[in-house]
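Colleague: Based on the provided sequences and hints, a complete structural model is requested.
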Amino acid sequence: MEDKNQELFHKPSIQPVMETSLYTIQEEVTTSKSLSPLSSILTRVYAGYFRITLSISSQAILWKILSNQANSSQGLHHIFHKLPTLSFHLLWCLAFSTQVFLSLLYVLKCFLHFNMVKQEFKHHVGVNYLFAPWVSWLLLLQSSPWVSPNGTLYMLLWWAFAAPLIALDVKIYGQWFTTEKRFLSTFASTASYMTVLGNLVGARAAALMGWKESALCMFSLGMIHYLVIFVTLYQRLSSEDNSSPNLRPSLFLFFAVPSMASSAWNSISGSFDTPSKMLFYLSLFIFACLACRPLLFEKCMKRFNVTWWAYSFSLTFLAVSSAEYAHDMKGIGRKGVMLALSALSVVVFLCLLVFTAAKLDQLLWDEEQDDEPCLGFF
0 MEDKNQELFH KPSIQPVMET SLYTIQEEVT TSKSLSPLSS ILTRVYAGYF
50 RITLSISSQA ILWKILSNQA NSSQGLHHIF HKLPTLSFHL LWCLAFSTQV
100 FLSLLYVLKC FLHFNMVKQE FKHHVGVNYL FAPWVSWLLL LQSSPWVSPN
150 GTLYMLLWWA FAAPLIALDV KIYGQWFTTE KRFLSTFAST ASYMTVLGNL
200 VGARAAALMG WKESALCMFS LGMIHYLVIF VTLYQRLSSE DNSSPNLRPS
250 LFLFFAVPSM ASSAWNSISG SFDTPSKMLF YLSLFIFACL ACRPLLFEKC
300 MKRFNVTWWA YSFSLTFLAV SSAEYAHDMK GIGRKGVMLA LSALSVVVFL
350 CLLVFTAAKL DQLLWDEEQD DEPCLGFF
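According to numbering that gives the first Met the number 0, the stretch in the sequence shown is residues 0 to 377, in order.
Mixed in with the good hints, there may be bad ones.
Said to hold, decoys possible - Under the rule of at most 20 Å between Cα atoms (straight-line distance), these lysine to aspartate or glutamate pairs were calculated in the EDC-like manner:
{"id": "1", "residue 1": "K211", "residue 2": "E297"}
{"id": "2", "residue 1": "K301", "residue 2": "D360"}
{"id": "3", "residue 1": "K276", "residue 2": "D360"}
{"id": "4", "residue 1": "K180", "residue 2": "E212"}
{"id": "5", "residue 1": "K63", "residue 2": "D327"}
{"id": "6", "residue 1": "K121", "residue 2": "D168"}
Don't read these hints as lab results, they were simulated from the structure.
Modeller: Right, dumping it as structure tokens:
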């Protein structure tokens, strides 16, 4: 019986894939030490860096929602009248400029270091963050103060950003149940939730322009796979690769997904009805579970990493959902929860913004991470 259990936890067929992938990445990064500063930066930048723009653009959505509610509500929402419109515009411009900058860097990397991009696509964690650039663009589109959801430009941009997400869905979701070396039961991690997040953000964007059927299609696809990933992670037997401290910030995606699902369904149905409330309550419960276990994140907080940005956009999605909940449901308690979560998300966002600016050289040129280049994918 013990022999059978050992065989279950140590599958030899998986090892060659992982070792080859890490070897290739290691070789690329070692070579990059002798390259020009630009090439050195390109070898460091990967799709996970778009977590930064995910956070900034989601903050822009939060500020937009709070500002709109302040114009049509009484009570605590009037606090947000004090937020000047210029602040929201500057935040959106910061998100847009950062997104364009990172996109240009990644396009250059595709041309100059295609092998690294290829290995990122093959990496069981890194491939999930290929959704991040397109999710960021969709968030920027929804929060834009100048592009109307009823316009033709919005529709064209939605197709431009949603089409790559659908293509990635077909590729990755198909591998999860048809390719032996890519079975979800083997490679599932909290980063897998990024694939779901892309569908939900796309659904919300489609619902805003009145495309209810397209929104419902993407919402259904996202939620089905959310349940699959949730159950897989809940019942996982082994934590070989998933126990890495660098994956701990991604645990916040456990409540980021139902938070965005709650907001997406609110946009589809036109009201914060029972399904939206259920998803919001679930996200609050999971957030409380994680907040009660700060020691779980102790190891990953010892050294600054771009993975920290998962804290920011996850909290912001929860704040967005709470703002929509408080808008439809009357009561000081609900508005108090909305204010607390919004304030927390803003504080975390500002702290990470300062940390990133102060540690920019470590993020782009730090040679101490060269011995473990694949950790960046986490």
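Colleague: Look at each hint and say if it fits the structure.
Modeller: Each hint, compared with the structure:
{"no.": "1", "hint": "K211 - E297", "result": "violated (43 Å)"}
{"no.": "2", "hint": "K301 - D360", "result": "holds (17 Å)"}
{"no.": "3", "hint": "K276 - D360", "result": "violated (43 Å)"}
{"no.": "4", "hint": "K180 - E212", "result": "violated (34 Å)"}
{"no.": "5", "hint": "K63 - D327", "result": "holds (17 Å)"}
{"no.": "6", "hint": "K121 - D168", "result": "holds (15 Å)"}
Violation of the numbered hints given earlier is confined to hints 1, 3, 4; the remaining hints are satisfied by the structure.
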